[in-house]
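Take a look at the letters that make up each chain.
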Amino acid sequence: MTRYKKQDPEMTRRRFVNAAMGGAAAVGTLGLVSALGGAKPVLRITPDKAPPRAGDILVHATAAKEGQIIRPSEITDRVIQAWPMGKDQDGNDVIRKAEPNNLVGVQRFRKDSFKVPGEGEHVELKLEGIAEDGIVVYSNKCTHAGCSPENYAKDTSKLFCSCHSGLYDPLQGCKVIGGPPPRAMPQLPIKVEGDRLVVTETFVSAPFGFLNNLDWETYLQRVKEILG
Amino acid sequence: MNQWLDDRLHISRLNDKFLRKAFPVHHSFFLGEITLFSLIVLIITGILLALSYEPSNSPVVNSFDPGTRAEPNMIPAAYHSALKINAMPFGDMLRRIHHWMANIMVAAAVIHMMRVYFTGAFKKPREINWWIGMLLLIFAALTAVTGYILPYDNYAYNTVSVIYAIVKSVPWVGDWLAQAAFAGRFPGEGIIPRIYGYHIMLLPGILLALTGAHMLIMIKQKHTQPQYAKRIAYKKIVGVPLSTQQTPIMLLLVLLFTGLVVLFSAFIPVHPIEHYGPPSAQPISGIKPDWYLLWVFGALAIIPGFELEVLGGIISAEFVGAMVFPGLIIGAMFAVPMLDRAKDNQYYAENPTNHPVRLAAGVAFMAMMIVLSVAGYKVELVQSGLLPEASANTILWILTIGVPLVSYFATLGIVRGIRALREADERDALAHAHADD
Ligand code: FES
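Line by line, the protein sequences give chains A and B.
Counting in UniProt numbering, the first sequence runs from 1 upward without gaps.
Counting in UniProt numbering, the second sequence runs from 1 upward without gaps.
Looking at chain B on its own, in the form it has when it is part of the complex (with noise of 0.2 Å):
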């Protein structure tokens, strides 16, 4: 049977070019491999739950509770199916493990990001990668935004309300771009239709295939060495082939950390439903968006409100803090590769602690997006008294900017400690070594 495949599909010739690909041993590596699992797995959980969703905000008599005949209770269908998928045999669990493996998606595409940061994998040749990943990462954030809106429960509609009020507070053309966008002046009828179109179909697709070209580039590039391949053979391509060695080792992660999102799913509840009720006039207090927004969230907290009119647009705080400063970080994070002038090819993934700067500059990075996520709990912080109510934004703007400044010269620092002890060891090692001639 091989060999009639491989008269018709030249399988040897995929064999050779990419079932042979060599990965790198080394722990570090399996972080982008969790991120595309997840993204299999969350594709075939959500194929399971939009098989029983309806796509619908049109109001329908709630089948667990109708009401009286002359009285019915009525809520979105959106709702409604959410409700029937709960009482589903195991819905409940298939819509935790969409939710959950959306979290671990999201966390585990942050620290492979951070890994390629940190040992300069994103250095020439591929800095397109680094740009796909980035879009990669933006489309997943709303990818797993759209999804929050789907079951339509007064969170979902709470939710969906700033979010439209953030579209719409972009200067000249917000008010078409929000309409556009969610289907007429929102709540509009077709708002459920339109985002579940943005959530199965155009996302999920625009998601797929940058993966496909961030996984083609990737095997085209090869995946940056380890140091230990230097050691070994220097500029060859270390590491077990995808089949038949890396395959195993694969197979046993995917089921390990799946298996590990089941058992979450299983005890940790998510987003209840039945809790926040269907789409209400009354708002849900301390409503927080998920944990990789929320530094976004925490700009909008301590930024001061203003309007500001030019030439007839209006360019207000929600703007400034929703749009321009998240516009502002993305770019940054674009600019990465840039900052690198070097015009060799990179081969070895770079020990971090020898290049202090980038390291610094990571670890202000990731600061001050801390600072800014706990900003998001300002509300919180205040009403426990932690804060004085007063000063709360001004204190909340020292850190932002403070925090990252002592970060980065603290680890300057640790660094520039670190190699002169280092120095010193080897100067007395060499001395005592020309001592014992």
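If we strip away everything but chain A, and leave its shape as in the complex, we get (with noise of 0.2 Å):
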């Protein structure tokens, strides 16, 4: 029995490099954190990234023609790539490009052939939305993983979509009929005004990009604080 406890100096070396390393540990992972924080920057909406907005007009977006007005007289059942026109800041045109998300097609039918899909099914169609000649667009950006649908070959009225076949009939509301995709491609609700084809909202729900509705709702809301 010893009157004095026994200082072994090995422990407080050990407790010391112990409480050291911990220490570092935690300002490194702090410094991580934070570092990792700077990796994401803040959201920026441009008007060239905004979603489509009521009074865009419609131009094409295939190469060779992007940026010239889409005419009601050029739209078959074969669909046509759009963009989205709209305004910047200073009044002019900005083709909304930079959100690859706002692709559209646009397409005619003939108008009494459109059927509005039932409550159940999770679609929406706007009859209003379709213009009086029986134009209609939706989101060209297949839901799945983003690729753009073409006319089906077998069967040209509906939209087909090349890359894990995924299967649309734009005469329901855009629904899928058939392969991966999760969701309907959303439409676009427009009217014809003279020779253009003018927004008259934006899409009626989420578009590919976007995890569901609710997403896609609190995305709006952020644009129309930045933009106003």
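The set of hints was computed from the structure by calculation and includes no laboratory data.
Straight line, CA to CA, 27 Å or less: simulated BS3-like cross-link-like pairs of lysine-lysine:
#, chain 1, residue 1, chain 2, residue 2
1, B, 230, B, 220
2, A, 191, A, 97
3, A, 175, A, 115
4, A, 158, B, 288
5, B, 21, B, 230
6, A, 97, B, 84
7, A, 154, B, 288
8, B, 222, B, 17
9, A, 175, B, 378
10, A, 154, B, 378
11, A, 224, A, 40
12, A, 97, A, 65
13, B, 343, B, 124
14, A, 97, A, 40
15, B, 378, B, 288
16, B, 230, B, 124
17, B, 230, B, 17
18, B, 235, B, 222
19, A, 224, A, 126
20, B, 378, A, 158
21, B, 288, A, 97
This structure is a prediction, so every number in the text was calculated from the model and none was measured.
Relying on the hints, combine the two individually framed chains into one complex.
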């Protein structure tokens, strides 16, 4: 029995090293986390990235004719790819193509061939968003992985995504009728004004690039705050 | 001079420890070396490419086709610099060498792993090196994928948009993750600088560090010895020393296969960026990942679409097909050394036919990978009429499960059959030997 508690220098040194390592690890983790925090930039919305808005005009998206205004007369049941074109702060025209999910497809069908999907189908088709002469516009980004569907060779009234064979029916709100896409490609309501197609409101539900309608609506809210 | 260096750096110790390292004499042991040499050539060609590459996706005027003053032809700077590299003397060739070398590196690594698996070289004490090897494979694939994006042509653009979508599909944190990884919502202004950083700094750094660890552990633990070593000198290291006997063999090998790759690059074009053009709204139909990721693509092609809400997060087919499923496969590969319960250290490479279950499992695994890769061509198969449209998924699913099962039992059967014959032969020989007495 000693009266003095034996001081073990090895132990104190070990404890010191442990504490030092713990401290270093904590500081390091904090540093890493803050550095990672900087990895995600803040959301900056510019007019060329904004989603389609009421008043936008549809212009050609294919490289050869990019930027040319789409005339109702050139529209058939063959899908034409288009961008919405709006105005920036100074009133200049901007094509909103910096946001690739803004790509839309324009088609024309007989007005009476459309069929409004039922309640339980989770698909929206706004008949008033279809122009008088049957011109209808949908997002042209497959909700599966973002390819652009084209006319289906076996039935041109359908849209076929060749990436993983997704199949959509534009006559029924572009609902999925085959393949892996999880949701319909949403409609972009438009009207014909003179010789141009004018957007009347943004996509009726979440386009590709958004997880669900909630995600899409929060995004629209943010855009509104930023762009006014 | 040797003396002078030795006094300072103790070359003689280095000599004893490293330069005399014995290399087993068997061609299958060259696969790892080929992987290493490809990495070195990749780094050299990569540095040369980086000297002329402009890591930016801001639009610049295309100097090859400037358009008019009113309507200049704008393309991303990265794509423009890739066009310029192609126009340099041997520039296109440099890109091709880099590309082919990357493919060869992954191929050699995969075959090297197969060698290690089938001969049981992953067993104690080499489990750690199996795991490091797995990490190397994963990071090699990531490096390759980021490399695909850098030319920023339409192909790259489509590829990165799919990758972005896959990252985003992670439940709960996907959105944050995708934006952090790709510098904002796709395609942000910072996407190319970000991926350039990954491709030339972060990932090669990780690859080099892991390679260093892989080699040091290998030197420390020594190679597994091929079977002949057992007969020559039991429990002794047999082989030729690195210096000077193995070195000329290595040099010969590296020259031979680099020459082969250069020949490839001279005649087989890869990734024609002029053909794909700058990023555009026009997607490329039939776009496919590289062969070593085709199985993930195939899994995505045949998984039915669904979305499941769990506690506010969305579990989608995309997530299950491109993250969970490959995660399971990779996890199974990681677990391989843990399936072996042997307490003793493994000295000798085993004859695969002496371990029929392991052999059969490996064959079944590869069969499944091949079937899934074929499933990646589902659209083409349907369009060419080889698969009926309506039941293509069902058929491919049945094949995905059935072919591995069949190959598993077939391998077992064949191995058992060979063994039975061999044993019968031995019995025969024995009986005759007795009869001769
Ligand atoms: S991207 Fe359209 S089906 Fe997969």
